[in-house]
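Trainee: Produce the entire structure from the sequences given, and follow the hints as far as they go.
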Amino acid sequence: MRKIVELTRRVPQMVDCLIKGDSEGAQQLYMEIRRLSEEVDQKRRVIMDELTDVGAILTSREDFMRFVNVVHEIADFCEGAAFRITEILDRKWKVPKDVKDDIAEMADAMLETVLRLREVNAVLGYNANATAEKASDVEAAERAADELYRKLELKIISSKIDIPTMLLLREVAQFMEDAADKAEDAANAARVLALSL
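Those letters in the sequence shown? Residues 0 to 196, by numbering that gives the first Met the number 0.
There could be a bad hint or two in this list.
[Said to hold, decoys possible] Cross-link-like lysine to aspartate or glutamate pairs, in silico, EDC-like; alpha carbons within 16 Å at most:
{"hint": "1", "residue 1": "Lys150", "residue 2": "Glu104"}
{"hint": "2", "residue 1": "Lys96", "residue 2": "Asp21"}
{"hint": "3", "residue 1": "Lys91", "residue 2": "Asp21"}
{"hint": "4", "residue 1": "Lys2", "residue 2": "Glu38"}
{"hint": "5", "residue 1": "Lys159", "residue 2": "Asp97"}
{"hint": "6", "residue 1": "Lys2", "residue 2": "Glu118"}
{"hint": "7", "residue 1": "Lys2", "residue 2": "Glu37"}
{"hint": "8", "residue 1": "Lys154", "residue 2": "Asp101"}
{"hint": "9", "residue 1": "Lys99", "residue 2": "Glu86"}
{"hint": "10", "residue 1": "Lys93", "residue 2": "Asp21"}
{"hint": "11", "residue 1": "Lys42", "residue 2": "Glu72"}
{"hint": "12", "residue 1": "Lys19", "residue 2": "Asp100"}
{"hint": "13", "residue 1": "Lys91", "residue 2": "Asp161"}
{"hint": "14", "residue 1": "Lys19", "residue 2": "Asp101"}
{"hint": "15", "residue 1": "Lys42", "residue 2": "Asp75"}
{"hint": "16", "residue 1": "Lys154", "residue 2": "Glu170"}
{"hint": "17", "residue 1": "Lys2", "residue 2": "Asp75"}
{"hint": "18", "residue 1": "Lys96", "residue 2": "Asp15"}
Honestly, the hints are just simulated from the structure, not real lab data.
Mentor: Now the structure itself:
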């Protein structure tokens, strides 16, 4: 979970690079995201191998695998958003300031959702009630991200932006929303897992 949070923190930093027009900074952050994503992939494989070795001994094995896989998807969506931000900067495409500001707000909301998920992970296995309570915090953070996403999507579509820029900006926003959704899905998987631990 630590690597996922570390990776997710880089996305708002990349949006700051978009706001400043800092293509080099964005490239450096994107390379860090890719490195962290590879580390997340390796850790996921190790966990899956260990769960396979444990076999039927662990009664909640499938629930644990589901939780790990859903959390892993957050990294994929963050990497997708980061890649598109670097492409927008490399091509020097124009993005209105108000859209950049709203993308920054969306990135912060996505990060907040993942930070709430980290709290779920911290109490998982200790207390099912605390896990459920923390999972509710993730849901609230995801609802806030969803609200921002809807407004941002309409702003992007209705703004006077070139079509290629519009498409990539929409995908950036969509990937951020998808990452927040996956954090909520992981929180729900943790709820189920907590009941069986």
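Trainee: Just to be careful, I want the Cα atoms of Lys42 and Glu72 compared with a cutoff of 16 Å; is the pair within it?
Mentor: holds (13 Å)
Trainee: Does Asp100 sit within 16 Å of Lys19, going by the straight-line distance between their CA atoms?
Mentor: Roughly 11 Å separates the two Cα atoms, so the pair holds.
Trainee: Taking 16 Å as the top limit, are the C-alpha atoms of Lys154 and Asp101 close enough?
Mentor: holds (9 Å)
Trainee: Given the hint that Lys2 pairs with Glu118, does the C-alpha gap stay at or below 16 Å?
Mentor: holds (14 Å)
Trainee: Can the restraint linking Lys91 and Asp161 be considered satisfied, given a maximum Cα separation of 16 Å?
Mentor: Satisfied, since the Cα-Cα distance of roughly 12 Å is no more than 16 Å.
Trainee: Check whether the Cα positions of Lys2 and Glu38 lie no farther apart than 16 Å.
Mentor: OK: Lys2 and Glu38 at ~8 Å, within 16 Å.
Trainee: Is Lys150 within 16 Å of Glu104, Cα to Cα?
Mentor: holds (11 Å)
Trainee: Below or equal to 16 Å on CA atoms is what counts here, so check Lys154 against Glu170.
Mentor: holds (13 Å)
Trainee: Need the status of pair Lys2, Glu37: alpha-carbon distance at most 16 Å?
Mentor: Holds. Lys2 to Glu37 sits at ~10 Å (cutoff 16 Å).
Trainee: Does Asp21 sit within 16 Å of Lys96, going by the straight-line distance between their CA atoms?
Mentor: Judged against 16 Å, a Cα distance of about 15 Å means the pair holds.
Trainee: Given the hinted pair Lys93 and Asp21, is their alpha-carbon gap at most 16 Å?
Mentor: holds (13 Å)
Trainee: Sort out whether Asp101 lies within 16 Å of Lys19, counting only the CA atoms.
Mentor: holds (14 Å)
The earlier numbered hints are all upheld by this structure, with none contradicted.
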